[in-house]
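Colleague: These protein sequence lines are chains A and B, in that order.
Each residue of the first sequence is one higher than the one before, counting from 34 in our numbering.
Each residue of the second sequence is one higher than the one before, counting from 7 in our numbering.
Note that these hints are calculated values from the structure, not bench results.
Each residue gets a CB set at the ideal place from its N, CA and C atoms; glycine is no exception.
Misleading hints may appear alongside valid ones.
What the hints assert, rightly or not - Residues of chain B clear of chain A, computed beta-carbon distances all greater than 12 angstroms: (1) Ile26; (2) Asn33; (3) Thr51; (4) Ser55; (5) Glu64; (6) Asn73; (7) Lys77; (8) His78; (9) Gln87; (10) Asp90; (11) Ser99.
What the hints assert, rightly or not - Computed list of lysine-lysine pairs in BS3-like fashion (alpha-carbon distance at most 25 angstroms, straight line): (12) A:Lys99 <-> A:Lys53; (13) B:Lys103 <-> A:Lys97; (14) A:Lys47 <-> A:Lys97; (15) A:Lys99 <-> B:Lys103; (16) A:Lys74 <-> B:Lys113; (17) B:Lys113 <-> B:Lys60; (18) A:Lys53 <-> A:Lys88; (19) B:Lys43 <-> B:Lys11; (20) A:Lys53 <-> B:Lys113; (21) B:Lys43 <-> B:Lys74; (22) B:Lys103 <-> A:Lys88; (23) B:Lys62 <-> A:Lys53; (24) A:Lys53 <-> B:Lys103; (25) B:Lys43 <-> B:Lys103; (26) B:Lys62 <-> B:Lys77; (27) B:Lys74 <-> A:Lys74; (28) B:Lys62 <-> A:Lys74; (29) B:Lys60 <-> A:Lys74.
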Amino acid sequence: GAVVSQHPSWVICKSGTSVKIECRSLDFQATTMFWYRQFPKQSLMLMATSNEGSKATYEQGVEKDKFLINHASLTLSTLTVTSAHPEDSSFYICSARSVTHNQPQHFGDGTRLSIL
Amino acid sequence: DQQVKQNSPSLSVQEGRISILNCDYTNSMFDYFLWYKKYPAEGPTFLISISSIKDKNEDGRFTVFLNKSAKHLSLHIVPSQPGDSAVYFCAASGTYKYIFGTGTRLKVLA
């Protein structure tokens with residue numbers, strides 16, 4: 034099946050650091066990638082939709098200057114958490130969907146971000 | 007406003023029996039529904055989907071039922087196996103976005 038690779042899987046860093054997370058679709062072209070955040074025992078909350086070659090669409094309440102998204106190619110999207118603070122600690126998951134209509138999103142394995 | 011709800015946070019089932027996970031939604035514009043399985047510290051894995059033109063879709067041990075009039079879908083797993091123990095999320099889509107439920111933790115007892 035479709036494979037989405039997310040890197041790194043775990044990051045621990047100091048407050049004020051910027052952290053970049055990569056999401057790659059390995060065996061299909063993804064015109065659209067999605068970034069989610071999951072708090073413990075809660076649902077996956079969509080943060081933003083990333084379209085190749087254009088600006089990301091952010092959900093209400095998500096700071097676009099805080100969470101920078103770049104989707105430079107059909108197989109790579111990156112999320113940069115800028116000047117991270119402890120409240121940004123969370124599980125971040127990306128997903129990708131192929132160009133075919135009504136194909137499911139396939140998810141990466143997530144990145145656990147811990148800000149000290 | 008929770009558009010997709012999974013009212014049972016957890017479910018325990020004996021190995022070999024049927025597991026039934028339920029999901030309710032409020033938006034009649036949703037036309038595509040999915041179930042994902044998730045282990046701790048991993049991303050969700052796609053299980054099965056159904057479009058609104060169908061009321062049933064089956065894939066091996068997994069069957070999804072859709073009742074549009076009740077705005078309800080369910081996932082049946084039969085027979086349940088210990089390896090099925092995980093958190094199951096339903097998701098609904100009407101555009102390109104998925105709206106996820108809060109998940110049901112399934113525990114299959116050996």
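Colleague: Evaluate each hint against the coordinates.
Modeller: Against the structure, the hints:
1. Ile26: holds (20 angstroms)
2. Asn33: About 15 angstroms separates B:Asn33 from the closest Cβ of chain A, which puts it past 12 angstroms; holds.
3. Thr51: violated (7 angstroms)
4. Ser55: B:Ser55 not clear of chain A: closest Cβ-Cβ about 6 angstroms, inside 12 angstroms.
5. Glu64: Holds, since 16 angstroms exceeds 12 angstroms.
6. Asn73: holds (20 angstroms)
7. Lys77: Check passes; 18 angstroms lies beyond 12 angstroms.
8. His78: holds (18 angstroms)
9. Gln87: Answer for B:Gln87: holds, closest chain A Cβ roughly 20 angstroms.
10. Asp90: holds (18 angstroms)
11. Ser99: violated (9 angstroms)
12. A:Lys99 <-> A:Lys53: holds (12 angstroms)
13. B:Lys103 <-> A:Lys97: Since the Cα atoms of B:Lys103 and A:Lys97 sit roughly 18 angstroms apart, the hinted pair holds (cutoff 25 angstroms).
14. A:Lys47 <-> A:Lys97: holds (21 angstroms)
15. A:Lys99 <-> B:Lys103: At roughly 22 angstroms apart (the allowed maximum being 25 angstroms), B:Lys103 and A:Lys99 satisfy the hint.
16. A:Lys74 <-> B:Lys113: holds (15 angstroms)
17. B:Lys113 <-> B:Lys60: Distance of about 29 angstroms is beyond 25 angstroms: violated.
18. A:Lys53 <-> A:Lys88: holds (17 angstroms)
19. B:Lys43 <-> B:Lys11: holds (16 angstroms)
20. A:Lys53 <-> B:Lys113: violated (35 angstroms)
21. B:Lys43 <-> B:Lys74: holds (23 angstroms)
22. B:Lys103 <-> A:Lys88: holds (16 angstroms)
23. B:Lys62 <-> A:Lys53: This hinted pair is violated, its Cα atoms lying about 41 angstroms apart.
24. A:Lys53 <-> B:Lys103: holds (23 angstroms)
25. B:Lys43 <-> B:Lys103: holds (18 angstroms)
26. B:Lys62 <-> B:Lys77: Holds, because 14 angstroms separates the two Cα atoms, which is no more than 25 angstroms.
27. B:Lys74 <-> A:Lys74: violated (28 angstroms)
28. B:Lys62 <-> A:Lys74: violated (29 angstroms)
29. B:Lys60 <-> A:Lys74: violated (31 angstroms)
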